[in-house]
Structure formats: structure tokens, C-alpha cells
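Asker: Using our numbering, the first residue of the sequence shown is number 1, and each one after it goes up by one.
Treat the hints with caution; some may be incorrect.
Said to hold, decoys possible - Ranges between beta-carbon positions, derived for each pair:
hint, residue 1, residue 2, range
1, 87, 253, 57 to 67 angstroms
2, 87, 213, 21 to 31 angstroms
3, 35, 429, 31 to 41 angstroms
4, 253, 41, 10 to 20 angstroms
5, 429, 365, 21 to 31 angstroms
Stated by the list, open to error - Straight-line alpha carbon distances no greater than 25 angstroms define the calculated BS3-like cross-link-like pairs of lysine-lysine that follow:
hint, residue 1, residue 2
6, 143, 103
7, 284, 231
8, 535, 612
9, 117, 143
10, 641, 719
11, 592, 535
12, 285, 143
13, 359, 334
14, 231, 280
Note that these hints are calculated values from the structure, not bench results. Beta carbons: idealized from backbone N, C-alpha and C, even for Gly.
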Amino acid sequence: MEETQKLWSCKKKGIFLYLMLLFIWKAVAVHIHYSIPEEMQKGSFVGNIAEDLGMDGKHLPDHDLRIVTRTGMVQYFSLNIHSGHLQTSERIDREAICGQAEKCILNFQVIVESKRKLYGVEVEITDINDNAPHFPPGEQELKINEISIQGSRFPLPEAQDQDLGMNSVQSYQLTGSSHFSLDVKMGENSARHVELVLEKSLDREEQSMYELVLTATDGGDPIRTGTAQIKVIVSDMNDNAPIFSQSLYVVSIEENIPKGSTICRVRAVDLDEGINGELKYSFKKATKKDSQMFLLNSTTGTITVMGDIDFEESPFYELEVHAEDYGGLFDRAKVEITITDLNDNVPELTVTFLANSIKENSPSGTVIAILNVEDQDSGMNGEVTCLIPQILPFQLKKSTDNFYSLVTADALDREQRDSYNITVSVSDHGTPPLSTAMLIALHIIDTNDNPPRFSESIYTSYFMENNQRGASIFSLTASDPDWEENSRITYSIIQRNINDSSLSSYISINSETGIIYALHTFDYEEFQEINFQVKAQDGGSPPLSSNVSVTLFILDQNDNAPQILYPSSPSDDSTGVELAPRSSELGYIVTKVVAVDADSGQNAWLSYQLLKATEPGLFTIGIHTGEIRTARFFLDKDALKQSLVVLVKDNGQPPLSASVTVTVVLADSIPESLSDISSISVPADPQSDLTFYLVVAVAFVSCLFFTFLLVLLSIRMYKWRNSQLCDSGSVNFNGVPVSQFVGIDGVRAFLHSYCQEISLTTDSRKSQFNISNGNDSNTLTDHLTSEVKDPILAGEDFNLTSGDQIILQVS
């Protein structure tokens, strides 16, 4: 009982060890092995390849399992993609595929495309007894000399059986006569040589011919047999058998040797004379294929080539040659023909798996294609080198047998290169080497890996003020090296406020072109610059963007005329009056014209010009200061009242200007100036003629206003005539604002000292001359306004007589 338990324990350990070894073998095995007998029906089950690969049968179609096919090869197997079973697709004849090889193995590969992996599969085809032994066709004739002694041996034809092992010929049996027996000898490679043994002496006169039956039997199940008819002819005496010069002839020839070429010559000698010494050469135990390849001259023993010698079909031939005389004696020799391989087969390159495109962010080692390389030659001629002759970010990796994987070696960038034409070259190691090449086109798919980029980090631009609304004021563009949607850029302005208002109310941007438009008419005096940021965003997923700062400077236009601050614009139809003492020195500052311009830069550079004067050359004005100075000493003949028209002009293009009339009274004191003014007879109004000329000029320009201007001219002439016809009147200085006297230091001091009314009584007529401090009112007088007629020189109703009273009011 104890021994039984120990034995059972040892068995369990052995089974466990066997299972472990089996598991380890499956883990490291490269090929999947199956074994099936030949001649199975089409569609017969070979093996469950899906189960052997560890795949789930329910999700088998998802793995895309298929057999790798090779060009020009017969496919004996097929794969059921639903069950994962390997089946036969053709009837398999072991003898047709492998001939007399001891093992017949069919190799192929299975690819799992979901994993991009190859698995080798080998199926061993086992032999069945499907071929019966057979002899050469026809009756076999054998000649035996009557003097042959007992025990003489004569060769008999041997049966051929394409099966192997026990299924081949195992025994022979001879029937038909007791004079003969059968002897079977084992030769090289387990070959059986059959010889006829003479058991009794022959007497040609008693019986000249014997008919025997030779039966060959194989060892298969069921047992198959073959028979041959042997006709023995008893001949006269022949006591010398042929003898070959050598028992083995070794010949080496190259494949593709031309037909008709002599490869060797066998020779045997027979010491007999006459017909008994004549020999006949023949092939024995030659297959049909060997008979088609080589021809033996029966007379000379020369062996010549008759077929196409191809190393890939058969690298070796073995022939048996018999030399037989006419007496029936013979000798045998063996001819071994070795075929030398030539490099006559170009390597074959086929694509098993191919991906025409990959993403640019694919990791290194991504499989692009699986290639199979085959060369039918052998040795160095069959060894191949597979490579990529170009310098590309790809490499070839050998997987199993003659399969190579084309994989990525470096990171890809579509922006640098969007496609590749990969040349895969295969060359063997023969002399000279043969090669072939294949071109694989690969397209790189874009990913959104580049944000939009502006050409400059900061944009600065300028545009003129007073722009039109909706006008284009600036344009910027960004570039994106990506492709299609990943490179489609949209522009937007990042919102901010300007003067408590939204930026979008001032400018807008075209989201497609990047052109910036003004929604507002800008005034340089209000805005000098606009700062904002523009965002460029691509259409990728997720989108990428970048920002850039933009500064738009508004340029000044000369759109503001100079504004004269002093003298201020006359009020109540009066002009300013400045006093200049008659004793003034040369260069004495009478007054100063003060003006400003709202523009900037050269548009605000002002120049002063004395446009018109009562006494030309009496006064000068500083071109940049506006100071009115005396140009010479005053003379007695100089008019008491001097009218100066000053033009103020800026430096813009085109220049704008304004003018003002300054009235200068030549007097050492205010009472003197008033008495001098009262003694001046009122001259005719020179402005009337000027007005007339202006009216006439305007009439030529526009006929539509001709009538209106004539009426206006008539009214002016009517007033002028009334002023001339008046016999007496009063001089009223109420229309002269005191502000016009600002700038004369003596008068100003005088006014501030007395600050009271001054009454000058000359007659019953009274008039008031009001003088007040000048005010710095910001009024702008154009040229026509400055041409208002001088109330002192005009024919207004005033008359300075001895009876008039002039009141000078200082405030």
C-alpha cells in the first residue's frame, strides 16, 4: 500500500513537471505546430488557431486575424474568421509537395492586425498508404546463359512506391518456377535490391524460356501490392560480366546549364568477344523526372542534359547506370550529380500590412508596414539585406523569419514635411548581387500643435485724424503652419475701455482678414493714441491662440485755424484802440498780438505778418513774437489814427490763418488824443468802394446772388450819403471798447490813476468815450471779420465841435 502511494506521488510529480514544461514550451515557442495526414477532404479541420493564440472567440472579428499570403504560392489552408478554426482549402498530396523527404512541413504566417504581430504556423503532413508499389511498364526480359552455375544472381526490376516508411515496399515474392529463387538485399538509404538466384542448372534444350511473376508488397494499412512479368530467356554461354571503371561517378554542374551539354561519361569493359562483349548502357531505378532531365547514350555511356536544371527545384540527382552484355551479364555504377546554385533569382519583396498615413504626433516605433522578403536561391545567394537607402526618420526591424517591420524612428513634423516616399531596397549576397526595391508613399496627418504667430511682437501704426467712419486704418495678419481647420485663423479685439467707453464702439476688426476699421471719427485734440490687444485663434481642437499689442497713433491734421487771444474780437461793431506816444523811440513796442493754435507740431507754429497799414513802413511786427514796434520816428504829417491789419498764419499744409485789425492812435496823452480826434474831419469811407468792388467780384462769380448784392450795395451807399449830408453831429466813442487800449503802458497807468469820468465840454452836444481793460477772450476772427469797418474812420454820426462833451469812462 505504501509503495502504491509513493508510485502515485511520483506520477503526480511527473505529470506536474510535464505540464510545467508544456507551459514553458508554449510561452517560448515561435511557431504553432499542427499535424494532419495527407489527402484530407477540402474544409477539414486542422486546428483552433484562435484558441492557441489566446484570443476570445466572441470578439474574434475585432482582431482581424488572417493568413499572410505569398505571391505565386498555392494556399492549402484557410482561416474561419468567425470560429478561429484552421481548415484545409485544397487536397494535399504529400508526395507531390515534398517528394521523398522524410518530413513534409508546410510553413506560413498568421497576422493579428489589431496587435500588428506575426505568428508562424507549421503543419506537418503525415504520409498515408495511398500509393501501391509499381514496376516499370511492360514485360521485363532477362537473359541467362545456360552454363550459369547454381547460385548465380541476376538483377530484377525494383518496384517504386512514392510512400515512405512502412507505407513503401517492404517485401518481394517470386512465383512461376522452382529453378529460381528471390534474394532481397538492403542497400544504402534502406534501399532494397532484388536479385534472381539460380537454384537449379539450366538446359536451354529442355526449356529455353521461363515466365515468372514478381510481386512487391508494402507495409501499409491496407496492404497494397504490385506485380511484374519476368520473362527469362536461356542463352548460350557468356562467362565474363561487364565491369565499370569506377563504381561511383561524382559530377558537379551549375544550374541553368544549356540543354544538350555533356556532364559525364560512364564506361564499363567486358572481356568477352563478339556479341558477348558488346555492352548496352541504361538507367535503372530512374524516376520519370530524372529520365526527362538526363539522357544516357546506350552505346557510348555519355550522359547529357535534356531538361532545365534548376537548383531551387532539385539540388541533387542520383542515377544508377547498368552496363549489360548481350549474354545477360551486367554491372552497376552510381552517378551522383550535384547542382551548384547560381544567383539567378531576384529577391521578392511583398507588403503584408501597410498604413498609408499616420499622425505627426505618432510615437517612435509606430508600425507603418510589414514586409516579407523571399529569395529562392540558397546559401549566400539566398541571404538578403533589407534597408532604407535614404536618410529618413524610419527604420526596418526584423520580426520573424523573413518579415520586417517598417517603423518610425524619430518624431515627425508635418510642418517640415507632409509626405514621404520611402524606398525599401533588398539585395542578396550573391555575385553579382541582385536587388529589388519598393516605394511606399506615406502621408503625414496634421495635428494642431502650432499656435498662430504674428510677424511682429508689437505693432505700431499711424493714421490721420478726421478719418471717415468705417475706413480701414490698419491691417495685421498671423500665420499658422498647421493644415486646414488647424490653420484657419480668426481675429478678435480683446475688450477694454477708452474714456469710460467700450473699445468696440471706436474700432472693429474683420475676423477673417485682420483688417481694423474705425467706427468713430477721431480727433487728435481728443485722442493721441489707442492701445489694445488683438487675439488670433486657430480652428483646431482644442484651439490655440496668441495675442499681440497694437498701438495706433493719431496724426494731427491742420484742421484748426489760429485763434487770436489779444486783441480780442471787437464788440458792438467797434475796433480796439492802442495809444502810441508821438515821442516814441525807434523800436517802441506799441502792442502785441497773442494767438494760439489747437493743433500740434508744425501745424501750431504761428507766424505774424503785417498785412495792411495806414502808413506803410511806420510799424513792423515780429514774425514769431507778434510784437508791433515802431519802425521809425513819428512825423507831424503822420495820421493821428493808424489802422493795422495783422495776419496770423500757421505752418500747416495747407496753412490756415486769422486776421485782426489793430487801431493805433498817435498821442502823448488821452486828452490830447481826444482833442486831436475831434479835429479830424470825417473822411469818406474807403471801405465803401472796397465793398463795391467785392460785390462786383462776387456778382461775376455767382449770378444767383446778383440782385441781392445790388440791393445790399444800394443800402450801403444810402447810409454813406446820409453821413456826408449831415451839417452837424456828435462824436460818440461808445462804440470803442476800452479793452482795445490795453498794451499802452502810459494810457493804462493813466486809467488806473484816475478811474473816473472825464468830461470835456465844448458844446451842447455830449458823447461818451468809454475805455475799459482788455479781456483775454478766446475768440477766433477770420479774415472777413477783421475787415469790419473802423467806427472812427467810418461815416458814423459823430461831430467833434467845441460844444460837444466827451466823457471818458474808466472801469
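Asker: Can you give the numbers of the hints that this structure goes against, from lowest to highest?
Answerer: Checked against the structure, the hints that fail are numbers 1, 2, 4, 6, 8, 9, 11 and 13, while the rest are satisfied.
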